[in-house]
Amino acid sequence: MRRVIRDGGPDEAIEAVGGQGPHGSGESSSVNSSLFRARIAFAVLSVLVYGIAAIYMGGLSFDPVKDEQQFWEQITDFVEIWPPGIADLQNYGEPMTPLSFLFWAGLEALHGLGIGVARFTSILIGLGLLALIGMREPSPQTGRYTPLLAAAGMMAFPYWIPLSLLLYTDLPATVFVALGCLFYYRERNVASAICFVLGIATRQYVVVFPLAVLAHEGLRALRGSDIRFDRVVPQALAALTLLGWVAFFGGVGPADGLAEWPRHENALNRLNLAFSLYFLAATGAYFVIPEWVIDRFHSGSKLRIDRTALIGCGLLLVAFAIDTPNYPTEVGPLNRTIAFILNPTPFADVTRTLLIFALACAAVVRFARFDFATWVVLGNTALMAFMWSPWEKYCMPMLGALWMLKALGALEDREVTPAVEEQPAAG
392 MRRVIRDGGP
402 DEAIEAVGGQ
412 GPHGSGESSS
422 VNSSLFRARI
432 AFAVLSVLVY
442 GIAAIYMGGL
452 SFDPVKDEQQ
462 FWEQITDFVE
472 IWPPGIADLQ
482 NYGEPMTPLS
492 FLFWAGLEAL
502 HGLGIGVARF
512 TSILIGLGLL
522 ALIGMREPSP
532 QTGRYTPLLA
542 AAGMMAFPYW
552 IPLSLLLYTD
562 LPATVFVALG
572 CLFYYRERNV
582 ASAICFVLGI
592 ATRQYVVVFP
602 LAVLAHEGLR
612 ALRGSDIRFD
622 RVVPQALAAL
632 TLLGWVAFFG
642 GVGPADGLAE
652 WPRHENALNR
662 LNLAFSLYFL
672 AATGAYFVIP
682 EWVIDRFHSG
692 SKLRIDRTAL
702 IGCGLLLVAF
712 AIDTPNYPTE
722 VGPLNRTIAF
732 ILNPTPFADV
742 TRTLLIFALA
752 CAAVVRFARF
762 DFATWVVLGN
772 TALMAFMWSP
782 WEKYCMPMLG
792 ALWMLKALGA
802 LEDREVTPAV
812 EEQPAAG
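Once you know that position 1 of the sequence shown is 392 in this note's numbering, the rest is easy, because the numbers rise by one and skip nothing.
In short, the hints are calculated from the structure, not lab data.
Beta carbons: idealized from backbone N, C-alpha and C, even for Gly.
Keep in mind that a hint or two might mislead.
Label-pair ranges, simulated between beta-carbon atoms [unchecked claim]:
(1) T715 with G641: 17 to 25 Å
(2) L634 with F761: 52 to 60 Å
(3) L436 with A646: 21 to 29 Å
(4) R619 with M448: 42 to 50 Å
(5) L631 with L436: 50 to 58 Å
(6) F761 with G534: 42 to 50 Å
(7) V709 with D454: 43 to 51 Å
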């Protein structure tokens with residue numbers, strides 16, 4: 392008996408073949424054993440990396456560092472008045488939406504064991520997402536180790552370990568985004584929208600992800616596909632929750648938080664192309680190049696330069712000419728690393744700009760196909776133009792989405808479209 396399930400887009404193509412040959416079972420057992428060992432090795436490595444980071448920091452109860460100081464202060468403020476009232480949620484000292492603060496404040500109000508336990512929950516959340524990406528069954532469109540390599544790519548992002556060891560809002564936002572993309576791909580449209588709603592309740596900028604779904608579905612409709620209202624309506628409602636938060640706060644965030652950190656609201660009043668260009672370069676460095684290595688390991692390079700990619704690179708060149716980047720050397724680990732390497736060489740600044748342009752071009756070439764992943768990258772690139780700094784920390788939710796899609800086999804030279812069609816085999 393032979394049964395084939397082909398997908399016009401997102402779920403794995405599954406092929407079940409009856410009547411294996413004499414060596415089929417043994418070969419399958421060997422493959423499964425190899426994959427099992429690789430998963431164990433990755434799990435041990437992940438725990439070891441987090442353990443080393445915790446030991447380096449002297450445990451998990453060290454004093455709050457950098458922005459974590461203000462975040463922990465906000466958490467403890469909520470603990471003191473737990474549960475906070477409507478007025479408390481409408482105006483507090485941070486510019487972002489409150490869900491992650493409420494989560495950690497609720498835990499602290501429950502046990503009162505301090506910041507160390509809260510950080511431990513953050514570590515568990517980070518490990519949970521790595522497991523969700525890396526421990527799934529490989530798709531037939533990818534190599535057997537692709538999910539594990541995708542999880543490794545996520546963990547290799549320079550902000551992953553710090554932001555999942557500390558109490559930052561970026562990690563919960565990344566988890567909700569990755570889950571939203573997973574459920575969208577699996578045709579769980581309401582669950583996907585709920586995840587994006589929770590993401591927006593954590594960081595306002597998560598709105599770009601349901602908007603990316605709507606853009607993708609809209610383009611599919613323009614190309615002749617039927618409009619799937621079961622996908623569009625939940626995602627539209629998810630995106631509209633941002634307007635609900637704006638109405639709730641009376642602005643893009645709590646008034647006291649925006650007054651404390653005016654750079655966030657001020658950034659919305661200007662367009663900075665150089666920030667978007669840096670974001671594209673970071674996408675090239677932290678996703679496109681690692682993915683290219685993974686694909687070479689599996690089945691060869693999949694970067695293709697077609698007319699759309701050439702047009703995109705031409706537009707990128709125009710953007711560089713309009714707003715030629717001149718990033719301070721302290722901006723971002725990618726920029727700092729390039730500056731450090733090139734510092735002793737002549738024309739270091741020019742070479743650094745050219746390298747950033749090349750990385751941005753790599754991202755343009757990779758995503759010049761107008762599928763769901765393209766809209767994810769485009770939306771985040773546009774958003775970065777209104778950020779207060781070209782900081783690749785803001786790449787993390789997008790990278791969570793892309794590595795999840797990679798692990799699902801949704802980026803393998805085909806349109807990412809959540810539709811599964813079952814076709815009976817001939818005969």
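Hint-by-hint comparison with the structure:
1. Checked against the hint of 17 to 25 Å, the C-beta distance between T715 and G641 comes to roughly 38 Å, which is inconsistent with it.
2. The hinted range of 52 to 60 Å is not satisfied by L634 and F761, whose Cβ atoms lie roughly 27 Å apart.
3. Hint check: L436 to A646, Cβ distance near 45 Å, so the stated range 21 to 29 Å is violated.
4. At about 47 Å, the beta-carbon gap between R619 and M448 stays in the expected band of 42 to 50 Å.
5. For the hinted restraint 50 to 58 Å between L631 and L436, the CB-CB distance of approximately 42 Å leaves it violated.
6. A hinted range of 42 to 50 Å is violated for the C-beta pair F761 and G534, which are about 26 Å apart.
7. Taking 43 to 51 Å as the suggested C-beta distance range, the pair V709 and D454 conforms, at roughly 47 Å.
Of the numbered hints stated above, those contradicted by the structure are hints 1, 2, 3, 5, 6, listed in ascending order.
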